[in-house]
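*Asks:* Knowing the structure of chain P, use the given hints to seat chain A on it.
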Amino acid sequence: MNCQKIRQLLPAFAAQGLEGSNEHKVKAHLDHCADCKGSLAKTQKLRALLALKQHEQPDEFFFRTYLSEFHRRLYSQILQKPSFLGKLNEIFLWNRPARFLWRVSSAVLMLVLTMSFYMTYVTAPNHSTEFLSSGDDTVRQNIGIATRAPSVVEVESRFNQLVLADKPSHSIYVLDRLNYEPSTRASAILQF
Amino acid sequence: MSDGPPQPESFEKKPFEADVSDTELVYRVQSGDASAFDLLIEKYKGRLYGVMYNMVGNHEDAADLSQETFLKAFKSISSFRSHANFYTWLYRIGVNTGINFLKGRKEGHLSLNQWDEQLEDTPTFKELTSSDNASQNLDREELQQKLNEALQKLSEEHRAVVVLHDIEGMRHQQIAKVLGCTEATARSRLFYAHQQLQALLANYL
Chain P
1 MNCQKIRQLL PAFAAQGLEG SNEHKVKAHL DHCADCKGSL AKTQKLRALL ALKQHEQPDE
61 FFFRTYLSEF HRRLYSQILQ KPSFLGKLNE IFLWNRPARF LWRVSSAVLM LVLTMSFYMT
121 YVTAPNHSTE FLSSGDDTVR QNIGIATRAP SVVEVESRFN QLVLADKPSH SIYVLDRLNY
181 EPSTRASAIL QF
Chain A
1 MSDGPPQPES FEKKPFEADV SDTELVYRVQ SGDASAFDLL IEKYKGRLYG VMYNMVGNHE
61 DAADLSQETF LKAFKSISSF RSHANFYTWL YRIGVNTGIN FLKGRKEGHL SLNQWDEQLE
121 DTPTFKELTS SDNASQNLDR EELQQKLNEA LQKLSEEHRA VVVLHDIEGM RHQQIAKVLG
181 CTEATARSRL FYAHQQLQAL LANYL
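Listed in order, the protein sequences are those of chains P and A.
164 is the number that my numbering gives to position 164 of the first sequence; each next residue is one higher, with no gaps.
150 is the number that my numbering gives to position 150 of the second sequence; each next residue is one higher, with no gaps.
The shape of chain P in the complex, shown without the other chains (with noise of 0.2 Å):
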């Protein structure tokens, strides 16, 4: 182990908190570098120093008076219950995990919305086309609406079949398609 990494461990060696083959790289080492081992003094005093904080304290009085003072505190806060939204803002300054959940599961949510949206409003299919593309293939090449301008007997007949069919959907669709008049049978017009 070179110096920089026995220099990490010093503060815990000073503690005492090094347990197993770490403590024993420190101490191999501490036999035969000098500076480590100023270092390792430097820690120790500065360890010293900083434990007399563990001296300090309050006013006598203060911890008497503590529970009662968290008893207060909590009746105030029982009165004052605080709105969803406070208790999420408590815990998303606390909790780092929450934090986290939060931000995972918004994401997740807009993306749902953004599909839910796309796949209702921009991929709805065509229904001008649908009744051609449901089914009715037997209409198109009947009639032939890719290919040719039908006759008027293949018009008729096709027709008759639909309203037998009772499609009276479809019926007038064709008619429209071949800029037929809606109109009974009997007074069709053709105009092509």
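By construction, these hints were calculated from the structure, which means they are not laboratory data.
Since the model is a prediction, treat every value here as computed from it, not as a measurement.
C-beta: ideal position from N, C-alpha, C; glycine also.
Check the hints yourself; a few may be wrong.
Unchecked claim - Some chain A residues flagged as far from chain P (calculated, every beta-carbon gap over 12 Å):
no., residue
1, Glu-24
2, Leu-25
3, Tyr-27
4, Ala-63
5, His-83
6, Tyr-87
7, Lys-146
8, Ser-155
Unchecked claim - In the DSSO-like style, the derived pairs of lysine-lysine whose C-alpha atoms are separated by at most 27 Å in a straight line are:
no., chain 1, residue 1, chain 2, residue 2
9, A, Lys-153, P, Lys-5
10, P, Lys-42, P, Lys-27
11, A, Lys-153, P, Lys-45
*Replies:* Relative to the frame of chain P, chain A by itself:
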């Protein structure tokens, strides 16, 4: 470190309760016996106050923060797991409360608590104030002031590590649990804090 001032007259402790463990007391609180929490306060109020005082540097804020810590602990006692160490858990709440307070305040003032009688018996104090140490010409108040100022010059996280390790006597493993970091991080912070303090207190080392 002293165990703190004598108990208030209004508080009566049953003989068997003197040996009740923290786990038992927490269990009683969780079962609805709020008075058991009073025993926990009596046990840890001195040490927790000491930690807060060394973190913030003045009595008023330390008193306020230690009360706030106990209130938070009481309100969240139901989430305390019985296999954990109550002392570490309480200190974690306290240190986090102190660090958040320090990050929120712009400027703080230092106030000096009084020192107990055992101070003058410590070898370190005798050495610092001996007549042989003429170059120092140190008195108690000056030493206390210098110590507190040096601690306040550290960052909040470094100060917390020094307070917990060198004043409270916690080990790195416990400090890591209190601060929510790894043992290596706690060790590294302590090393850096010691480097800074040795520079600030060079005249007294």
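*Asks:* Going through the numbered hints above, which ones does this structure break? Give me the numbers in ascending order.
*Replies:* Hint check: 4 and 7 fail, others pass.
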